[in-house]
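Here the protein sequences line up with chains R and U, keeping their order.
Using our numbering, the letters of the first sequence map in sequence onto residues 27 to 315.
Using our numbering, the letters of the second sequence map in sequence onto residues 69 to 446.
Treat each hint with caution, since some may be false.
[To be verified] Across the chosen pairs, the derived CB separations fall in these ranges:
1) R:Asp34 with U:Asp264: 20 to 28 Å
2) U:Asp282 with R:Ser280: 50 to 58 Å
3) R:Gln161 with U:Arg193: 27 to 35 Å
4) R:Asp312 with U:Ile269: 42 to 50 Å
5) U:Glu285 with R:Ala197: 27 to 35 Å
6) U:Lys368 with R:Thr38: 26 to 34 Å
7) R:Asp35 with U:Gly390: 48 to 56 Å
8) R:Gly199 with U:Asp264: 26 to 34 Å
9) U:Thr425 with R:Gly268: 56 to 64 Å
10) R:Ala307 with U:Thr276: 41 to 49 Å
11) U:Lys368 with R:Asp34: 56 to 64 Å
12) U:Thr120 with R:Pro299: 28 to 36 Å
These aren't lab readings, by the way, just hints derived from the structure by calculation.
Backbone N, C-alpha and C fix where the C-beta goes; we use that ideal spot for every residue, glycine too.
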Amino acid sequence: MVVFKREDDIFTSGHTACAGCGAALAIRTIMRAIGKDCIVVNTTSCSEIFSVCFPRSAWKVPYIHVTFENGASVASGVSRALKAQGNDHTKVVVIAGDGGTADIGFGAVSGSWERNEDILYIMYNNGAYENTGIQRSSQTPQYAWSTTSQIGEEVRGKQEPIKPMVKIAAAHGIPYAASASTGYLIDLENKVKKALNIKGSRFIDVLSPCVPGWKYDPQLTVELAKLAVETGLWKLNEIENGDINNEKITVQPSFKPVEEYLKLQGRFKHLTPDEIKIIQARVNKDWGR
Amino acid sequence: MVKTLEGSHAIADMIVNCEADVLACYPITPSTHIAEKLQKYYADGKIPEYITVEQEFSAISALAGASATGARTFTTTSSQGVALMHEVLYAVAGMRLPIVMCVANRSLNSPLGIWCDHQDIIPERDSGWIILMCESNQEAVDTLPQAYKLAESLLLPVMVCIDGFYLTHAVEQIDVPSKEIVQKFLPKFKPEFKLDTNNPITLGIYSTPQYLQDFREDLANDVDNAREPIKKTEEEFSKIINRNYGNGLIENYKCDDAERIIIAMSSFCGNVKEAIDELRDKGEKVGLLRIKSYRPFPYKDVQEILKNKKHVGVFDRATTLGGHPPLYTDVLAAIYDSDQKVPISSFIGGLGGKDVTVETAKNIFEDLKENKIKRKFV
Numbered sequence: 027m028v029v030f031k032r033e034d035d036i037f038t039s040g041h042t043a044c045a046g047c048g049a050a051l052a053i054r055t056i057m058r059a060i061g062k063d064c065i066v067v068n069t070t071s072c073s074e075i076f077s078v079c080f081p082r083s084a085w086k087v088p089y090i091h092v093t094f095e096n097g098a099s100v101a102s103g104v105s106r107a108l109k110a111q112g113n114d115h116t117k118v119v120v121i122a123g124d125g126g127t128a129d130i131g132f133g134a135v136s137g138s139w140e141r142n143e144d145i146l147y148i149m150y151n152n153g154a155y156e157n158t159g160i161q162r163s164s165q166t167p168q169y170a171w172s173t174t175s176q177i178g179e180e181v182r183g184k185q186e187p188i189k190p191m192v193k194i195a196a197a198h199g200i201p202y203a204a205s206a207s208t209g210y211l212i213d214l215e216n217k218v219k220k221a222l223n224i225k226g227s228r229f230i231d232v233l234s235p236c237v238p239g240w241k242y243d244p245q246l247t248v249e250l251a252k253l254a255v256e257t258g259l260w261k262l263n264e265i266e267n268g269d270i271n272n273e274k275i276t277v278q279p280s281f282k283p284v285e286e287y288l289k290l291q292g293r294f295k296h297l298t299p300d301e302i303k304i305i306q307a308r309v310n311k312d313w314g315r
Numbered sequence: 069m070v071k072t073l074e075g076s077h078a079i080a081d082m083i084v085n086c087e088a089d090v091l092a093c094y095p096i097t098p099s100t101h102i103a104e105k106l107q108k109y110y111a112d113g114k115i116p117e118y119i120t121v122e123q124e125f126s127a128i129s130a131l132a133g134a135s136a137t138g139a140r141t142f143t144t145t146s147s148q149g150v151a152l153m154h155e156v157l158y159a160v161a162g163m164r165l166p167i168v169m170c171v172a173n174r175s176l177n178s179p180l181g182i183w184c185d186h187q188d189i190i191p192e193r194d195s196g197w198i199i200l201m202c203e204s205n206q207e208a209v210d211t212l213p214q215a216y217k218l219a220e221s222l223l224l225p226v227m228v229c230i231d232g233f234y235l236t237h238a239v240e241q242i243d244v245p246s247k248e249i250v251q252k253f254l255p256k257f258k259p260e261f262k263l264d265t266n267n268p269i270t271l272g273i274y275s276t277p278q279y280l281q282d283f284r285e286d287l288a289n290d291v292d293n294a295r296e297p298i299k300k301t302e303e304e305f306s307k308i309i310n311r312n313y314g315n316g317l318i319e320n321y322k323c324d325d326a327e328r329i330i331i332a333m334s335s336f337c338g339n340v341k342e343a344i345d346e347l348r349d350k351g352e353k354v355g356l357l358r359i360k361s362y363r364p365f366p367y368k369d370v371q372e373i374l375k376n377k378k379h380v381g382v383f384d385r386a387t388t389l390g391g392h393p394p395l396y397t398d399v400l401a402a403i404y405d406s407d408q409k410v411p412i413s414s415f416i417g418g419l420g421g422k423d424v425t426v427e428t429a430k431n432i433f434e435d436l437k438e439n440k441i442k443r444k445f446v
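Just chain U, with the same shape it has in the complex (with noise of 0.2 Å):
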């Protein structure tokens, strides 16, 4: 049912319809509106266990202990959370605990801020979560059955990030598909091994060199192997919604026939497809490669897309310090890993919840028409 409601407690509302057991938050600008509404929920009933606890360390190391026991869990947080979380992160990943996360997308200190950019995830790309990025509310909403279903069948966490501010405190329509809606596509978390009195497993062993690699190359080839399962998944869960967002690991918007190619994530794909729609009509051909999963990332759908193409610039709301950055660099591996070449400039914005507009995104398509490559802040 479309209700308009903040994007926050659309979240909230989904997590109730997903049926978690074990929540364990702590506050932190801007995730805070999806903690508070689901201690609401708790104190409800509608929740099972909600651990109040002191640090976001303390929230993702309850959550490995409820997942390994048999609960299906859930937090969220922002920022510095996310990075107080970090060594917990790779545990969980290595641990192979299938724990589901809503990141709301905040700049890293210092300068200390509270607003949007992509900052926060970078440190834990490689940590062996499945990252998925989303534009839209309604898209985060439809994405979490997704996210626990692909979880727990392959056991790996999954991380659902939103732009902080600019979607969980957006009130809006949306539209949440309800628990029996839910119930048809997401079972019920049935473990095959979890922490049992009747059935006794050690879980989070120490491994000498003789072994550790081998653990490591099953996780680098299970996260991977997941780019399949997320296209899968998108795909059974929009037939049953109604709507769709590309194939799950990216969305083509007008590139088929484009010269010129933005590639970005999250909410500021919105403005950019207003800057197409609006080139468009003046006939020029540009269009949008969107990336919705940037881990594991889909390297063979940006090699399928960038095919002929005149100038693509990578978008990052995010910067890495002394290199290039984050997703630019993702999309030169990709670019250099197959026979095309194509100029490929890089263009960093949005940090710290700087505006990137409809404008932004034309001055970049402007940028793109000369053939030589650029590196620059917008």
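Bound-form chain R, shown alone (with noise of 0.2 Å):
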């Protein structure tokens, strides 16, 4: 195991996230892991929110944002740059929400991998546009509260399922996609160390619980992360090349029921016992049992 110490951080402490940010863990834990040669491009969010208040900064490597939707692009020009000078060692992160990516950004998104640009993009899901005031995004769970899938009489929060975009990642044909969550850190270490070494577009999906979209208790951040993978909600996976057929689970679920990750949660409160057994009907369907 390694131990880092405090001067190895490249996102560094003094940046103004929520006590137990799960965004900010995730954040610092990549960073480590990928070093000081790179780049990092980031898209409106609460990372940036909280990580460049003028006039302080976070990071200790080159860092730049331009809007909410076009982190993709950005580093498509990056890296496009890079290559044009002849570097062919310093890595270009983007570090995006999941909104940012999964929709207002997806366009982009997509038109990068097309191209397979060379770049390690890191979707930090959080599950709603969390910076904004919890609003729905297309990775929101279903059945969740957030200020824009409210519960009432006719309609009790958001409908439909989580978009897949570690699926999606690989039906393009990129060499790397993978999901990973903050409750499993060194799994995390691991698939962005895996992926530092390929070429190409590369996509990691990864669980950041938010302590005011989610409403729980802030010492519960990693606890929560972990519940998600153990209960089999939350998948941590790996595709390779596009083969969707070929996904490698690279840590198993021990199945505990849903409801030990839900009833912690104050967006998922209003849930009844039939929804709490659609959704546990629904994970052991995706896992086959």
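If you follow the hints, you should be able to join the two separate chains into one complex; please do so.
Right, dumping it as structure tokens:
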């Protein structure tokens, strides 16, 4: 096991993320694994707001943010400029939220995958537009409350399941697509390091709990990120070279009841026993149980 | 060397001669031939990197990344493509990225049309880009190296605009200054700040109210202060190529003794000049004030030239719905700011490729014989 020292941090303390922020934990871990020979492209998101509020910056590597929906395109430009300069070692890394990736930025992301741009794209997935006050995204889990998937007599939370980004990424035929969780930092680190040594488009979807969005006790961030995996709700996987029939599971779930994960979060507190059964049935089906 | 070639191809040739490093283009009529020709040059190894993006929003975004990494960049677009870039155009100006773009001007939907007017760049007027409006392909070719020089020395993005189809698809004799000539004028792009692992910087920050206005004020001052460099750059390059286009900000065509003047931009000015020559043969004192630098706007030059004129007609190839048209508004502002009183009429025409001919210009001069202020579509 590698022990990191604080001075190894590339994403440094002093940023303004909430206590217990899953995204900040994910980014710190990812950046430690990547090291200093990289350029970070960030999109408008919590991570942008809490890390680069002028005149401070939490980044010890070159950093650029332009807009919400163009991380993959900006990174394409950075990557090609490095290539034009004959630089074949500096890594180009996108750090983006799920809204900026799977929703508003999806066209740009898909375009970069189709071109197989030499980019490591990290989507820290907190399952909503948390930065703007917890609005639903395509990554919000089914039945979850958000400020735009409200609980009422007619409609109870978000109706649709999560858009499967790892599968979609893999279907583009890119060399590496994986899912990780802030509950399994070594698995995350291993995936980042593996991705770093691959040329072309690489995508990692990192489950990153959000205290105000998911409404839970801040000390439970890692616990929740673990439970999501243990219950089978969040799959830790890898798909290489677009071989979607050859998905590798990196951590086997113990299949704890989904209720153990759901009951700790305010965004699911309205769920009826029947709704929990539906979610459990879907997990069982997903895993062929 | 003078060659007979299509305007779009001359532009592409000049981008090669300017030694652009990273291009990102998405095809849209009528700018497409520029993008296609440059792709061929990429295939031939004359352009180091060309990103075939999936939309214009990504084209300008990719250039933001490339420019910030220290590359000389270029893209071209038109119409809805400019509109799709809108958000990023403002962002890259604020980030002080010296991107150069050629806009082949075209109308904005709806109705959908593919032909020329200037509506596409009007929403970008306030973006912080320097906007240079060219009358001819020769002028556009000669303006591009200047655009890079201005962009890279002032850290401001520059748009070089040509009228869609009228110029992009015109096959004519054009002298594209060689790489050697351009190199004499345009130094290598060596930005003081760039994304560099040896000297990490943070670009594209988030700002609280405490600082944001200061950033905007700096940008506003720098765009305002670009007028002198634009003039100087035009003067410098014109000495090398033995061609000039006014003072870089405006062109004064027979205005000095004129009583009636048309103010206009881009290719229609050719027809206005033709009309002026014909009318002057009949003894009419008419002239053209061509606006080359739409942003920054040459208020002082306009004030100077309009001194003691009898009637001025501003020709807009765009509208501001619910308000006075854009160029007209700028001219009114220039004159209000001076101690002169001159009647200024507004003529809107050429929308969506409607023909504006020598006859159109003559009719406007005829309208200007009356002392009454007019505001009309022609």
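Under the constraints set out in the numbered hints, which ones does this structure not fulfil?
5, 6 and 12
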